[in-house]
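K.L.:
Each chain, letter by letter, is given below.
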Amino acid sequence: MAKVLLIAEHDGTSLNPSTAKCVACAAEISGAEIEVAVFAESAGAIAAQAASLDSVSRVLSNEATANRGALAAVLAPQIVAMADSYDYIFGPSTTFGKDLMPRVAALLGVNQISDIMSVEGERVFKRPIYAGSAVVTVEAPAGVPVVATIRTASFRAVGAGNSAPVDAVDVSADIPDHTRFIASETGKSDRPDLQSASRVVAGGRALGSEENFDLIYKLADKLEAGVGASRAAVDAGYVPNEMQVGQTGRIIAPDLYIAIGISGAIQHLTGIKDAGTIVAINKDEEAPIFEVADIGLVGDLFNVVPELTEALD
Amino acid sequence: MEKILVGLKRVVDYNVRVRVKGDGSGVETEGVKMSINPFDEIALEEALRIKERGEANEVVVVSIGSGEAQQQLRTGLAMGADRAILVETVATPDPLSCAHALLEIVKRENPELVILGKQAIDNDNAQTGQMLAALWGRPQGTFASKLEFNGGSVRVTREVDAGLDVIEVDLPAVITADLRLNEPRYVKLPDIMKAKKKPLDQIPLAELSVPDSPAIAETGFEPPAARERGIMVDDVAGLVGALNDKGLL
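If you read the protein sequences in the order shown, they are chains L and R. Note that numbering that gives the first Met the number 0 has the first sequence beginning at 0, numbered continuously upward. Note that numbering that gives the first Met the number 0 has the second sequence beginning at 0, numbered continuously upward.
Simulated from the structure, these hints should not be mistaken for lab results. Some clues are possibly wrong.
[To be verified] Using C-beta positions, here's what the derived DEER-type ranges look like:
hint, chain 1, residue 1, chain 2, residue 2, range
1, R, F148, L, P16, 34 to 40 Å
2, R, K145, L, Y216, 23 to 29 Å
3, L, E210, R, M33, 47 to 53 Å
4, L, S56, R, G23, 50 to 56 Å
5, R, P198, L, D53, 26 to 32 Å
6, L, S56, R, A224, 40 to 46 Å
7, R, E67, L, Y216, 46 to 52 Å
8, L, K2, R, K145, 37 to 43 Å
[What the hints assert, rightly or not] Cross-link-like lysine-lysine pairs, in silico, DSS-like; alpha carbons within 30 Å at most:
hint, chain 1, residue 1, chain 2, residue 2
9, R, K20, L, K125
10, R, K32, L, K272
11, R, K245, R, K2
12, R, K245, L, K221
For clarity, every value in this text was computed on a predicted model and none was experimentally measured. For glycine and all other residues, C-beta sits at the position ideal for the given N, C-alpha and C.
Chain L extracted, bound-state conformation (with noise of 0.2 Å):
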């Protein structure tokens, strides 16, 4: 039996697809239970969302208003605390898991693995380095649990058709009070979360200008697709950060990708490369980008882009 304590991402409302992916790769793990762990201030919602997904046996439910904002230096503490009956204990690699793992790994005393793309044995896992140019085979020491972030963009979510049982869990861990949540400010958007769309529209600087950027904006409204932009577009400042997509930003696995007016850095390319199918616009036929492109397309981006958007009426 391998136990897995997994923590739920969540906005405070609902789970974040994140949680469903990082199931997938613990599932991989032989003999693997599954347990999920909601930390918030008001965990009813999120705990039932967490108990519907498949291979998950138990969900624990840790409500308490100091969750609120998801501060590591909050959820560590009470993490640790659990943390005796566990083999793994996962997290996200988004920012949430990121933040949050390494200082739950070394309250614990052990080294974290950072963005599992695979699993290759009970204790040996496959990830990337160097922005994804290079694929580094790790083994876990044994002996100590396994903490590690997932990248979800390798992990297909698994299905909603679970209902395990949700049970309330009082963690007596001492809290600090020298870090408080003051707000989120979350880009208020009617467009799909980058993240979790099914197709996505990206901009690199050749667009120019924020101005311009509404090109890329119009051919996802009608593509009912996500925005994304390379790292030099949101240098640039066209954008805002939480669309880079790239090794320091997203790492995204959209069915589309169209990438309009990227030049394709490696920074970029370890973003995208789990993506289905990969567009490429762009007026320099040398670009990084067509090499990895499935569909390529050499040209004017305020010529072609406009065109697209008036062919897909």
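Since the structure of chain L is already known, use the hints to place chain R on it.
P.N.:
Positioned in the frame of chain L, the structure of chain R alone reads:
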């Protein structure tokens, strides 16, 4: 505040295209250009700006690695850091050991603020800052894009997947720098000359009390699975046709 400690890691330069060695024993780092990890450069820039605003008196840069990391520390001194510490070891150890070593330096130096990059672009772990904060029992403000100091606390704007989170942490604290915290300055030639005279202490890692942590073994390296080269289309009609063929529209 009196002192800010900044971590600088020596890594393969951002522009180098890294390749896996033929025998799968690692990645090729022989003869490639090495630089300060870009996020650490942002961390240092932020510390220097805090000092230049009169909100801190001293900026100390620290690196953990081989003697060659002195080059990156000298660059940090040329950017404007006051002094440098090299924790010397053959190769940079795992993140938990790095965090323990940094904690030892923190105990010696007593900084009110430690700023590190959010991740190093070689191993892409994004762990050391959080681990240091945990071992130190202090707050962490990761992926920071804005810092506002107010007496004994700092308000940290964090870049998260959903947008921005704002938290307030008491000092001392650990901050990890994200891309948009600032744009690092360029080093000027006279500053490089001046930096040669600034103090750089070397401390062997073995002299610090760093407990053995159970290591994660790296058993093999391979290039990423390549995507097959696709088709080129001539125009928008061709593109729409190709997308239709794949059932994507």
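K.L.:
It remains to establish, for every hint, whether it holds in the given structure.
P.N.:
The hints, checked one at a time:
1. F148/R to P16/L: 34 to 40 Å: holds (37 Å)
2. K145/R to Y216/L: 23 to 29 Å: holds (26 Å)
3. E210/L to M33/R: 47 to 53 Å: violated (40 Å)
4. S56/L to G23/R: 50 to 56 Å: violated (38 Å)
5. P198/R to D53/L: 26 to 32 Å: violated (60 Å)
6. S56/L to A224/R: 40 to 46 Å: violated (33 Å)
7. E67/R to Y216/L: 46 to 52 Å: holds (47 Å)
8. K2/L to K145/R: 37 to 43 Å: holds (40 Å)
9. K20/R to K125/L: This hinted pair holds, its Cα atoms lying about 17 Å apart.
10. K32/R to K272/L: holds (26 Å)
11. K245/R to K2/R: violated (59 Å)
12. K245/R to K221/L: holds (18 Å)
Taken one by one, the earlier hints fail for this structure at numbers 3, 4, 5, 6, 11, listed in ascending order.
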